[in-house]
Amino acid sequence: MMDVLVAAAVALLLSMLGTPLAIRLFSRRGYGQNIREEGPSGHHEKRGTPTMGGTVLVIAALIGFACSHLATWTPPTASAVLVLFLMAGLGTVGFLDDFIKIYKQRSLGLRSGAKALGQLIVGAVFAVLVVRFPNAYSITPAETRLSFLRDFGPSVGLVVFTIWVLIMIVGFSNAVNLTDGLDGLASGATGVVLGAYVLIGNWQLRNSCLNQLGPSCYWVRDPLDLAVVAAAVLGALVGFLWWNAPPAKIFMGDTGSLALGGVLAGLAITTRTQFLLFILAGLCVIITASVIIQVGFFKMTGRRVFRMAPLQHHFELAGWAETTIVVRFWLIAGLCAAAGLGLFYVEWMPKQ
Numbered sequence: 007m008m009d010v011l012v013a014a015a016v017a018l019l020l021s022m023l024g025t026p027l028a029i030r031l032f033s034r035r036g037y038g039q040n041i042r043e044e045g046p047s048g049h050h051e052k053r054g055t056p057t058m059g060g061t062v063l064v065i066a067a068l069i070g071f072a073c074s075h076l077a078t079w080t081p082p083t084a085s086a087v088l089v090l091f092l093m094a095g096l097g098t099v100g101f102l103d104d105f106i107k108i109y110k111q112r113s114l115g116l117r118s119g120a121k122a123l124g125q126l127i128v129g130a131v132f133a134v135l136v137v138r139f140p141n142a143y144s145i146t147p148a149e150t151r152l153s154f155l156r157d158f159g160p161s162v163g164l165v166v167f168t169i170w171v172l173i174m175i176v177g178f179s180n181a182v183n184l185t186d187g188l189d190g191l192a193s194g195a196t197g198v199v200l201g202a203y204v205l206i207g208n209w210q211l212r213n214s215c216l217n218q219l220g221p222s223c224y225w226v227r228d229p230l231d232l233a234v235v236a237a238a239v240l241g242a243l244v245g246f247l248w249w250n251a252p253p254a255k256i257f258m259g260d261t262g263s264l265a266l267g268g269v270l271a272g273l274a275i276t277t278r279t280q281f282l283l284f285i286l287a288g289l290c291v292i293i294t295a296s297v298i299i300q301v302g303f304f305k306m307t308g309r310r311v312f313r314m315a316p317l318q319h320h321f322e323l324a325g326w327a328e329t330t331i332v333v334r335f336w337l338i339a340g341l342c343a344a345a346g347l348g349l350f351y352v353e354w355m356p357k358q
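Per the numbering used here, the very first residue in the sequence shown carries number 7; after that it's consecutive.
Note that these hints are calculated values from the structure, not bench results.
Everything numeric in this text was worked out from a predicted model, so none of it was measured.
All the given hints hold, so there is nothing to weed out.
Derived CB-CB ranges, DEER-like:
(1) Trp354 <-> Phe303: 33 to 43 Å
(2) Ile298 <-> Ala77: 39 to 49 Å
(3) Arg117 <-> Val301: 13 to 23 Å
Idealized CB from N, CA, C, for every residue including glycine.
Starting from the given sequences, assemble the full structure and let the hints guide the process.
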């Protein structure tokens, strides 16, 4: 547990103190947010708010993770390094997108094809490497199998598994990106999921098949270090949320949203809880579904289901205050994470 506490505390401190420095630096250099003209009218007041705050978030999480291993004098594990690589790689893609927006003073950065290509390259490297690096017990960070509470069914093969991993990575990085539309919304929504993964990693460690064989034990390579990763990112996120909460003094930008989506997907794959993530991160899934429904229905009928997509903007146009939407969506995110954790623990309930 010392690893988890150190990682969270260091990342929290660095993010809390580093974010105001980033606000001053980005403001001085004019790294402000551009707002889409077709967006809700209230958003135009946010034009010029410093963006790319996800840079601080990613750096704080990486340093927090490193400090936890220095404090305990233990080497990092393959599973944790791969998840952090995924976070940093997608964060880099997001950084390029944010920088182009700022440099060209427009609301769109990288072209959609270039952005998707960057996500696919980072995701493909992760997918290939995550089934390698067996430990002394021949357990790799992931298996070429699907998973819910643990792996199930036969191997789907490396090619199909790689495609599935890419769908998860691109899907959840874009899902968090879509959720990041109001002050503090994505930070709070992903924070509760990261908290759930801290608990999941610790539970998998305490019930590892390496310690005691049983019908419900877990064949997870590095559960404790994955909990450390989740704690480091959560600590950095809480420190950032202090400044990102309504009214936001800084936005995380694509740098932060793509990195956070990558962390969630990476943790789900390495903890063998792939389909469980769809419940844990239910709010992000609902918001993404609202965009898919809006676009699909409009193409088929020429009419809209929602006033505007993603879903949070529908409620803005319905007259809800931004803070009301954020708090209520945080509550939904918390309920989804609680439901996911409940399902995770349900198999340990006494059987009658």
